[in-house]
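Asks: Sequence:
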Amino acid sequence: MSTNMDEEERQLQRLKAAVHHTVGRLCQSLGENHQMEFSRQVIAAISETTFRQWITRFEIKCFAAYTVTEIYYCVFSNRFMRMPRH
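Here the numbering used here = 1-based position in the sequence shown + 723.
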């Protein structure tokens, strides 16, 4: 179980690094277009906010998908139990 959690933590850190890299590139591109420069702190803050919002939305989406699946399962089970048996 510990190795599974370690792997999940590594994946989460890789994802966080990818978000940070992408935000950094976008800020660099935007800065070049508008003759601006973004500090590392600003890029880190934008990255962290983006990552947290993404994780929250992902968790909500997974929970919603699970809930819908459970509702369909219950409806299907109830209908199946009511079917006449020959």
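If you are wondering where the hints come from, they were derived from the structure by calculation, not from laboratory data.
Be careful, since some hints might not be right.
Said to hold, decoys possible - So the derived label-pair ranges between C-beta atoms look like this: (1) T726 <-> F761: 34 to 42 Å; (2) H757 <-> T726: 40 to 48 Å; (3) T792 <-> A768: 30 to 38 Å; (4) L749 <-> R780: 15 to 23 Å; (5) E730 <-> T779: 28 to 36 Å; (6) E782 <-> R733: 17 to 25 Å; (7) Q776 <-> E730: 20 to 28 Å; (8) I783 <-> H757: 28 to 36 Å; (9) K784 <-> E730: 33 to 41 Å; (10) A788 <-> E760: 40 to 48 Å; (11) L753 <-> Y789: 36 to 44 Å.
Ideal Cβ positions, reconstructed from N, Cα and C, are used throughout, including at glycine.
Asks: Tell me the numbers of any earlier hints that the structure contravenes, in ascending order.
Replies: Failing hints, ascending: 5, 9.
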